Amino acid sequence: MSEIDDKTQAVSEKAVSSTQGQGREDGGSGGVIILFFIVGLVASLVVGWVLFPKLLYSQKKQPIDFNHTLHNTLVGNGCESCHSFREDGSYSGVPKLAQCIECHEEVQSSNPEEIRFVEQYVKKGIEVPWLVYARQPDCVFFSHAAHVKAAKMDCATCHGPIGESESMKPYQQNRITGYSRDIWGENIGGFKKNTWDRMKMDDCSECHQKKKVVVGSVQTQKEGCFVCHK
Amino acid sequence: MKQEHGGVVTQKYGMVVDLDLCTGCGSCMVACMAENNVPFREDETDKLKSITWMRVYKLTNGKHYPETDICYLPRPCQHCEGSHGHSPCVSVCPATATDYDNQTGIVSQIYTRCFGCRYCMGACPYHARYFNWYDPIWPEGMERYLNPNVSPRMRGVVEKCSFCFHRYQAAKDKAHLDGQKEIDEDAYQTACTQACPAGAITFGDLDNPNHAVHELKKQPDTFRLLEKLGTNTKVYYVSSREWVRRAGDNYLKTEGLKKAVL
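Protein chains in written order, with our numbering: chain A, 29 to 258; chain B, 25 to 286.
If you're looking for bench data, these hints aren't it; they were derived computationally from the structure.
Just so you know, these numbers come straight off a predicted model, no measurement behind them.
Be a bit skeptical, because a hint or two may be false.
Listed below are the simulated PhoX-like cross-link pairs for lysine-lysine, each with C-alpha atoms no more than 20 Å apart in a straight line [claimed, not checked]:
id, chain 1, residue 1, chain 2, residue 2
1, A, Lys239, B, Lys205
2, A, Lys238, A, Lys250
3, B, Lys82, A, Lys180
4, A, Lys177, A, Lys151
5, B, Lys87, A, Lys258
6, A, Lys240, B, Lys205
Build the full structure now, drawing on both the sequences and the hints.
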């Protein structure tokens, strides 16, 4: 091997080793960038999925911790014992105090919630300011008669197994719109597993389109807007 | 004759207004505003900004005394059917905020869907549509008198007469509870119909032979407003005076009256 050859080999070895070295440095900074990206992504996901919903909804406690299961075992006619239709076809929704007084004129048990209810509301004759989880926006007309009487639907299809609950969950109110969280649903992404997980217009129309109740709308070839709006 | 859409019995709600009976008292306007939470402002002098779902117009025959004659004409939304439900406003709405329902024959207006382009107001030949230039403000305490069955409107949307549709919904509720398929004539009446002291307004299902309007609209002196436009309205007017009937459309002086197409 000549001297020149030796030199060239040495130079090329150097070049190779230097490029390898550079390559290692590049890999290190790229990793940092990817790490930063992942940390940022996770942070923004946490903000979006965990912190944002907490910020968006305020939590309120119901005035009295009502036990549906207990009442269900004592009444004879299921949900309709207390949540009834009025003669004109409208739905009474949450019972008024007068209906509660039919049984609760005096304290019947040693349950502290019942004692509090009788003392704070029954004795003073003040209506309980219940927070209604399923309260719909102003522009919505919902007919309980059409669903429960005509279509023979179960309460649980929309309201879930609330009749089996032993205590009232906190009422979560959207700070921007003022609506209950039950309308949008627990899942902030809008995914649902059960029919009662959400109460948005899409959820109504999902069922209505399947049943093809009446196709009257000229614009949409679906149901008329005034069926559910007022 | 009853029409069917997809096997379901449909209605075609409409009105017959006897202009010979109307005294122009304005009870229908008042009843309508109270029933439908129609907003008003402290200063209502600018009538271009006033909202009147039901409005009584005064017509004159333009003659001097002693031949002078006047007629009052109450004008709700005419709920045009057009051809196959393509009424002027429904055809132009880019937001699907207004719609013609083949089940009831009522032109609906969904306030939360309207974004206030006012295209429908331009398309409506009857000036039946109104724009909310301001948010409604009721005098203190008056908000307690609002009708809970009618949603109040916000600034920036168009509103109009709905033939008191919330009363149809309530009547439907009662029918469901009683197990009835159809609702009776007197179960669903508009506020203006009930308020009219002269009984000039009759409301009901135009297709149902058991409803009074079915026969009333066939009277020889019946006409509809701007019939030549083909709007195919569901509000019929009756007057024994020919000049009133002529005033219902843009007739040439030499042109003869056209009979309402039923």
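For each hint, the structure was consulted:
1. A/Lys239 to B/Lys205: holds (18 Å)
2. A/Lys238 to A/Lys250: holds (11 Å)
3. B/Lys82 to A/Lys180: violated (51 Å)
4. A/Lys177 to A/Lys151: violated (36 Å)
5. B/Lys87 to A/Lys258: This hinted pair is violated, its Cα atoms lying about 45 Å apart.
6. A/Lys240 to B/Lys205: With a Cα-Cα distance of about 17 Å, the restraint between A/Lys240 and B/Lys205 holds, given a limit of 20 Å.
Checked against the numbered hints given earlier, the structure breaks hints 3, 4, 5 and satisfies all the rest.
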